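Student: From first to last, the protein sequence lines are chains E and Y.
Position one of the first sequence corresponds to residue 4 (our numbering), numbered consecutively onward.
Position one of the second sequence corresponds to residue 889 (our numbering), numbered consecutively onward.
Hints were generated in silico from the structure; no laboratory data involved.
Errors might be hidden in some of the hints.
Cross-link-like lysine-lysine pairs, in silico, DSSO-like; alpha carbons within 27 angstroms at most [claimed, not checked]:
#1 Lys324/E <-> Lys379/E
#2 Lys1011/Y <-> Lys7/E
#3 Lys6/E <-> Lys1011/Y
Some, not all, of what chain Y presents toward chain E, calculated at C-beta under 7 angstroms [to be verified]:
#4 Cys941
#5 Pro954
#6 Thr956
#7 Val957
#8 Thr971
#9 Ile972
#10 Met975
#11 Pro982
#12 Asp983
#13 Ile984
Values in this document were obtained by computation on a predicted structure and should not be read as measured data.
Quick reminder that beta carbons are idealized off the backbone N, C-alpha and C, glycines included.
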Amino acid sequence: MTKKNLMPTVVLTSICLVVALLLSAVNFFTSEQIRKNNDAKLTAGLVEVLAGADTFEPIDLEQSTNYPSTVTKGYKANNGGCVFEMTTVGYKSGLVILVGVDSEGKVSGAKCLSSSETLSHEKTYGSSFLGSTISTVFDVALISGATKTTEAYRNAVRDALNAFAIANGGAADDRTPEEILSDNLNEALGTEGKTFSKWFTSAVNIGGADAVYYNSDGVVIAVDDVYVAYVDGTVVTDGVDADILSKADAAYTVYSTSSKLDISGISGINSTVVKEIYELADGSLAMNLEVQGYGIKGDKYTKSGKPSYVEIVISGGTIVKVVTVEQNETPMGELPAGTVIGDSSYYGQYDGKDITNLDSVDLVSGATISTDAYRKAIQAALNAYGLVKGE
Amino acid sequence: MTKNNKLLIFLKGVILENPVLVLILGTCPTLATTTSMISALSMGLAATAVLVCSNIVISALRSIIPDTVRIPCYIVVIAGFVTIVQMVLEAYLPDIYEMLGVYLALIVVNCIILGRAEMFARKNGILDSAIDGVGMGLGFLVALLAMATVREVIGAGTVFGIEIPFLIDYRIPILTMAPGGFLVYGILIAVMNKIMAKKGGVKRKSFSCEGCPSASMCNKTSCSDIEELQVNNASAETKTVNEEAQDGN
């Protein structure tokens, strides 16, 4: 190899080496400061979801194989809490969420770091989870029209709560919401493995309680995540807060003074829609309805194949209250369409209406099948009231 | 070189051969970082620092670097200085570092820097190269600031991030977006052309022949004067016709 051919290689290599040495020297002087800056930036981000913490140590996720797959990073704080970075798939992939869990295992904050979702609900949805625990996280409602996004978000928050349990030497809780509810109800009543029926939730004025569940063993009233059990009219749950107890008592009174009517013998009642009728102490009728809308078709536009469930209370022929407790009109994707029947701004229009002015509640363009089915279900309820009362 | 020549080298970079408004180089960072005056100032200063340092080093090594590997050598030197600037900013001015983002690293492939290394630094002494770097860098900075001032004040109603009470209500947001950026850029170039017309016209871009695909058939030493080229070609054609005519005779 001649000098002429060798020189370019030697010169280029020498320049590369000198530049590399220079960069090493600069890196030596700046790396520590850069590390401090990055740590401060990370801490500032973590403190946003876990207030009160000063320092964070990374959690070695490799130490346990039980960490949910959505957990990408974990940090343990000096105040006993933890922060987890979760990566999941909502409507599109790349939904990254930061979840803070305090030392008591409750969500202290949830923030979306990055996403590509169609709508922007994930940017504000995190605030709904403040104070949630592993058993109450599923009580946070999904957002109509953004169920894929919010469902993925909620599952990620639940995974973060499980990751907290694992990081503290515990085990993940993978029970479904129904299993958690059943366990809570059985625990309150001191039974095991028993099933419960749900009486009414919010349409009936049950004194501020959340829901009433019953079976042959007793009644359990849910108030603010506390389950108060009654057996033969007596409270069997100890240590209940006075305010919660008063709400539970009010709900129990409404339940215990009501009677379930046998509607099988009353002809003319649309039994496809009107499933149950209870007569309350004040003479009003509370009904559980099934809305036979788009949801029942189970075709390519819906994913539920189920009716929507509605509670209604009618007194003196006038609607006292209507509540959609579960709407299953959600179409595929994020289009809002029939989900409107799940919004209180829609079904609240029926309060105060009777059989003569029911049509004043308009159908909603783009959700005509759902809202038409809803109005027909309300009409069926009013008809049933008339038949029961003989009016 | 005399003091006047050094001043001329400096002023060429700032005005006569302003890299952004006359030579139309570095358009990408120009449009990207001029949405705010702070980022324009930061980018201008960072690019100036890299330009001056790379010009000095390349000028110092010009007799050592063989022609066959000069471009890779220039790029290694430029990349080295850009990386140093990145590390220093990340350590001591993290907010500026975040603000400049990917455009800080893209200084490596900024045409102005490689272009001046190729056109000036490798042919001139260290001091002249340094002055050229300062002049070109300052010209880049001034152009960036001019664009950023228009875009931020009129587009966002702020100056260095501080709201201007009256203008904030009458801002024109499109100026902070890409279409507005091009619009402002074009207007500034037009203004520059108008100013330069009074001083004898815009200096054409000057490129060397090395690497040019037409070098073998072109009888110029650089692309600096198209008219001279056309005159020379015309002379060459005339000469050829005359020679043929003489041969014919």
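Student: Look at each hint and say if it fits the structure.
Tutor: Right, here's what the structure says about each hint:
1. With a CA separation close to 16 angstroms, the supplied pair lysine 324/E and lysine 379/E stays within the 27 angstroms bound.
2. As the CA atoms of lysine 1011/Y and lysine 7/E are separated by approximately 21 angstroms, the hinted pair is consistent with the 27 angstroms bound.
3. The suggested pairing of lysine 6/E with lysine 1011/Y holds, with an alpha-carbon distance near 24 angstroms, which does not exceed 27 angstroms.
4. At a threshold of 7 angstroms, the smallest CB-CB gap from cysteine 941/Y to chain E is about 11 angstroms, leaving the interface hint violated.
5. This hint holds: proline 954/Y has a C-beta 5 angstroms from the nearest C-beta of chain E, less than the 7 angstroms allowed.
6. Checking threonine 956/Y against chain E by beta carbon gives a least distance of about 5 angstroms; that is within 7 angstroms, so the hint holds.
7. Contact between valine 957/Y and chain E, as hinted, is supported at the beta carbon level, the nearest pair being about 4 angstroms apart and thus within 7 angstroms.
8. Look at threonine 971/Y: its Cβ gets to within about 6 angstroms of chain E, closer than 7 angstroms, so that hint holds up.
9. Interface hint status for isoleucine 972/Y: upheld, as the beta-carbon distance to the closest one in chain E is roughly 5 angstroms, under 7 angstroms.
10. Hint on methionine 975/Y holds. Least Cβ distance to chain E is approximately 5 angstroms, under the 7 angstroms limit.
11. With a least beta-carbon distance of about 5 angstroms to chain E, the hint placing proline 982/Y at the interface is held under the 7 angstroms criterion.
12. A distance limit of 7 angstroms between C-beta atoms decides the matter here; for aspartate 983/Y the minimum to chain E is near 10 angstroms, and the interface restraint is violated.
13. Because the beta carbon of isoleucine 984/Y sits about 12 angstroms from the nearest beta carbon in chain E, more than 7 angstroms, this interface hint is broken.
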